[in-house]
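Peer 1: Work out the full structure, taking the sequences as your base and the hints as a guide.
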Amino acid sequence: MNILPDQLPFWIAGPLLGLLVVGLFVVANQPLGASGAYMQTMKAVRRDTDTVGWRVWYFGGIFVGGALATILGPGIEIRRGYDSMTAAGWSPTFIALVVLAGAIVMGYGARMAGGCTSGHGICGTAQRSPASWATTATFMATAVAVTGVLTLLTGGDL
Amino acid sequence: MRNRMNLVGGLFGAGFGFVLAAARLHEYDTIHETLKLESPYVFGLMGLAIGISLPLLWILERRQVATVYGGRLALSRSKIERHHIVGGVLFGAGWSIAGTCPAPALAMLSSGATYGAVAVVGLFVGLWLRDRQVAAGTGGASIGDGEHRDLRTTPAGSA
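Chains as they are written, first to last, in numbering that gives the first Met the number 0: chain A, 0 to 157; chain B, 0 to 158.
Since the hints were derived computationally from the structure, they do not count as laboratory data.
Here the structure is a predicted model, which is why all the values come from computation and not from measurement.
Some clues are possibly wrong.
Restraint-style ranges between C-beta atoms, simulated for each label pair [stated by the list, open to error]: (1) B:R131 / A:L152: 29 to 39 angstroms; (2) B:S38 / A:L18: 42 to 52 angstroms; (3) B:L59 / A:G154: 45 to 55 angstroms; (4) B:Q63 / A:G88: 53 to 63 angstroms.
Even for Gly, the Cβ is constructed at its ideal location relative to N, Cα and C.
Peer 2: So this is what it looks like as C-alpha cells:
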C-alpha cells in the first residue's frame, strides 16, 4: 500500500525497538529476545510440559507483524529473496544451501551463547550485562571479518 | 492471566516484527551492507535501541518498579563465560553468511521471500543440535541475559 516509506530511517526504527524492549520489561519483566522464542516454539512442537505458551504467541507475532509492515509498505510479493546472491551468479540451489548452512551455524551458536542479535545484542546490553556486551562484541567483529572474507572470495560480487 | 500473557506476547511479537520489516532488516542487503561497512544502518539501529532502553531500564531498576505481570523489575547480568565467546563467534559467522538473524528471518518469510523458510528451518536445526548436546551433557551453553527467563527459578535481583 506504500503507506510506509521504503525503509524507516534507523533513527526512528532504533528508538522504536528500544521502547518495545522497555515495554516488555515493564509489562512482563521479560526481554525481547528471539532465539528463546524459537526454543519455546520447539518445546511446544515436542509438547514439553514446561513450554512457555506466550512465547509461542510472541514467535507467531513476529511473523504476523512482519507481514503487516510489508502490506503497508511495498506489498507482499512471493519471491525467493537473496537477490544479491543471484546477481553474483549463484544458482537457487546453491543459495539455499549457503543460507541453510549459515542458519544452522547461527542457531547452534545462539544456543551455545544463550542469545542472538536481539537477546544479547539489544536486551542484554541494555541490562548492562557483561556477558551480553562480550557476546555482542564477539559476534559483531566475527561477522564483519567473515563478510570481508566473503567479499574477497567472491571477487567483490558479494 | 495466561490468556492475557498470550495477548501481550502476540502484540509485542507483532510490534517487533513490524519494526524489523519496516526497517527492511529482513532483507539480506540491509545486514550485508552494514557488515561490509558500507552502511551504518544496522549499527545505528542497534545503537539507538540500546541508547534508549539502557538508561530507561537503569532508571526503572533504581526505582524498583513493579511490572504488570512479572513482579518487581529484575535485570539480569551474567559473568562472561567461554561459551558466550565461542557461541558468539559461531553466531557471527552464521549471521554474516545467512545475512539474517532469528527474528528477521521470520519477517523475511512473512514478507513473501521463500528462502526465509530455509533460514528459519536452519535456525531450528542449529538450536536443536546444540540443545540436544546440552541435554545429553556433551556440550555446554551459557546464560543468555536477553532471552526468556523462568521467573519462578530466577530470584529477583539475582544478577
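Peer 1: Against this structure, judge whether each hint is valid.
Peer 2: To see whether the hints hold, each was checked on the structure:
Separated by about 32 angstroms at the C-beta atoms, R131 of chain B and L152 of chain A satisfy the suggested range of 29 to 39 angstroms. Checking the proposed 42 to 52 angstroms range against S38 of chain B and L18 of chain A shows it is violated: the Cβ atoms sit about 23 angstroms from each other. The beta-carbon spacing between L59 of chain B and G154 of chain A, approximately 50 angstroms, falls within the hinted interval of 45 to 55 angstroms. Range check, Q63 of chain B to G88 of chain A: about 58 angstroms between beta-carbon atoms, so the 53 to 63 angstroms window is met.
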